[in-house]
Amino acid sequence: MTASSPKNGARGRRLGDAWPHFVLIPLTALVLIPVLLVVRKALAPGQGFLTSLNPFDQSWTLDHFYAVFGNTDDEGVWLFGPQLWNSLVVSAATTFVGVFLATTAAYAFSRFRFYGRRTGMNLFLVTQMFPGVLMLIPLFILLGHLNLLDSLVGLTLVYSTTAIPFCVWMLKGYFDTIPKELEESAIMDGASRLTVFVRIILPLAAPAIAVTALFSFMTAWNEFVLAFTFNNDPKMFTLPVTIQRYADPKSTYWGSFAAASIIVSMPVMALFYKLQKYIVSGLTAGAVKG
Amino acid sequence: MSNVALKQITKRYTPEVTAVRNVSFEVKSGEFCVLVGPSGCGKSTTLRMVAGLEEITEGELSIGGRLVNDVAPRDRDIAMVFQSYALYPHMTVYENMAFGLRIRKMPSSEIDTRVQEAAKTLGISEYLQRKPKALSGGQRQRVAMGRAIVRNPQVFLFDEPLSNLDAQLRLQMRIEIARLHRRIGATTLYVTHDQVEAMTLADRIAVLKDGDLQQYDTPLDIYRKPANRFVATFIGSPSMNLLKGEMQNGHFVGEGFQVTLPSHISGDIAEIGIRPQAMQMTDDGPLIGQVDFVEALGSETFVHFMWGDTGIIAQVPPSVTVGAGDTVRFHVDPDAIHLFDSKGLAL
Chain H
1 MTASSPKNGA RGRRLGDAWP HFVLIPLTAL VLIPVLLVVR KALAPGQGFL
51 TSLNPFDQSW TLDHFYAVFG NTDDEGVWLF GPQLWNSLVV SAATTFVGVF
101 LATTAAYAFS RFRFYGRRTG MNLFLVTQMF PGVLMLIPLF ILLGHLNLLD
151 SLVGLTLVYS TTAIPFCVWM LKGYFDTIPK ELEESAIMDG ASRLTVFVRI
201 ILPLAAPAIA VTALFSFMTA WNEFVLAFTF NNDPKMFTLP VTIQRYADPK
251 STYWGSFAAA SIIVSMPVMA LFYKLQKYIV SGLTAGAVKG
Chain B
1 MSNVALKQIT KRYTPEVTAV RNVSFEVKSG EFCVLVGPSG CGKSTTLRMV
51 AGLEEITEGE LSIGGRLVND VAPRDRDIAM VFQSYALYPH MTVYENMAFG
101 LRIRKMPSSE IDTRVQEAAK TLGISEYLQR KPKALSGGQR QRVAMGRAIV
151 RNPQVFLFDE PLSNLDAQLR LQMRIEIARL HRRIGATTLY VTHDQVEAMT
201 LADRIAVLKD GDLQQYDTPL DIYRKPANRF VATFIGSPSM NLLKGEMQNG
251 HFVGEGFQVT LPSHISGDIA EIGIRPQAMQ MTDDGPLIGQ VDFVEALGSE
301 TFVHFMWGDT GIIAQVPPSV TVGAGDTVRF HVDPDAIHLF DSKGLAL
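Sequences listed follow chains H and B, in order. Start counting the first sequence at 1; every next residue gets the next number (our numbering). Start counting the second sequence at 1; every next residue gets the next number (our numbering).
Watch out, some of these pointers could steer you wrong.
Claimed, not checked - Pairwise CB distance ranges, derived in the manner of DEER restraints:
hint	chain 1	residue 1	chain 2	residue 2	range
1	H	Val23	B	Pro38	51 to 57 angstroms
2	H	Gln276	B	Pro15	48 to 54 angstroms
3	B	Ala296	H	Gln276	38 to 44 angstroms
4	B	Glu16	H	Leu134	54 to 60 angstroms
5	H	Arg117	B	Pro15	19 to 25 angstroms
6	H	Ala108	B	Pro38	54 to 60 angstroms
7	B	Lys28	H	Tyr115	53 to 59 angstroms
Worth flagging that the hints you see were computed from the coordinates, not collected in a lab. What you are looking at is a predicted structure, and each value in this text was computed from that prediction instead of being measured. Glycine included, each C-beta is placed from N, C-alpha and C at the ideal position.
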């Protein structure tokens, strides 16, 4: 019997480390096929449906992107700009309202002991058990009574309320991990509860807040069913509704559909890219012993 | 600097759970008081009540003659050093130390002077722009102390500040804390479960057990005249030997031993205590034991043996060579014997 040399051992380790890649690379490629199909279709001339991923079998064009950007209604009024604005406003407002309320609520749930604390958290959890569509009709009636149909405020309110429970749970979990001594130390230093929250807790919770903000933004940015139901005026559409309009009952404009899908995906991808360091960072390192 | 006076302080979390019960003592201005006791004795709770981080259920707490029961922590002019250091991880060392001063809207030139001065005192000037995560445990502890010093408060509170450090660093920091206190002369309350820290740092020690104050005195008086068997065994290393027995014709007789007590001693003596250091090894001593095992530490040697079911430790000079199974004889000065009644109180 011979002992393996260190070199052989290292090679064995490298092979051991590499095997997940053999599994993950084909799986990733498989997942990317639909995305590549969309990209391929967005850049291929014509509105027909393509199944080929071969980038060389047809010519390239940006016509579909121009068509989406220049989309107008029957009277020639430009629609894409206002619709992009609608999506941005609703998503940004949802993010702001959602994160602001969720941060403050989650801090209270994490740090204070009050009557109904557990019940409140459980109620938040229960709301997550039902699909949002279930609330479609009640919300429609409610918004109708409030005169908020065909309005961005109505959509923002609905999106915020659906995003908040998840955000509260997520942020509370993170606040729980921030050592209480940090707050007590700041209190001994003379800080008020608000100062502690703003200058100690919020900076430390930045990763969680970033993820929560991303979630809120995506909830609003990608949502289709509620936006499609509550807003009927094309000037009040958000981009997901616009995309759907390319799938006409008579004929589907696959080229424009694909181009619009890519345009709509861009901001979320950019946000992911920008916030990725927060998603993986551990900002509390070095806070306490160790 | 100000004095800190606790008068009949009680902390009750629920009707059934009382963490601190009727604790009264006064830390005089500039004194270093150590609260010591085993885990769960209420020492940290007492400190947190002084800090204002825990509400006082009953009793009166005064700082500098002012009743502060209902005064917010920020208005008590107290600085606290936490066991976990509690440094703000997103701030540099400088910002950590300046935080409390900025909150109090002190001019930045004054802040800078104070931070630089404290950093120099603690030897952390070169780390001022680092974040806490880039510091070692000892450096973090110094920053935590620096954060307290810059505020120049009336009272310093330390909550087991050295328990996260290794033994060598703990010794070094203990000396630094003692030096710092001598230089600043601030009224200090210091919590620890380490009786050596308590003995070496304190002007006065408050020994707590199960929420009750057992004794409040100077370290030497606590060592020499412990108020009860708990204090007697808790303070001093190794622990005091406790021996059960009864009085017979002027002798205290127990299983495997007989000790002569001073003639004037009387009363309900249920137990006697002999410190390992009071056991003098002699060739003709009346107390005889068979060595169980020996701990030779170099500077001193501890001999372990049994009297009946009771394990006894004796400290002998390092020059003495004994081994397991050897018979040893001891003499104990009657005046060095501590006497306890059936309730465990010192007589």
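Which earlier hints can't be squared with this structure? 3, 4, 6, 7
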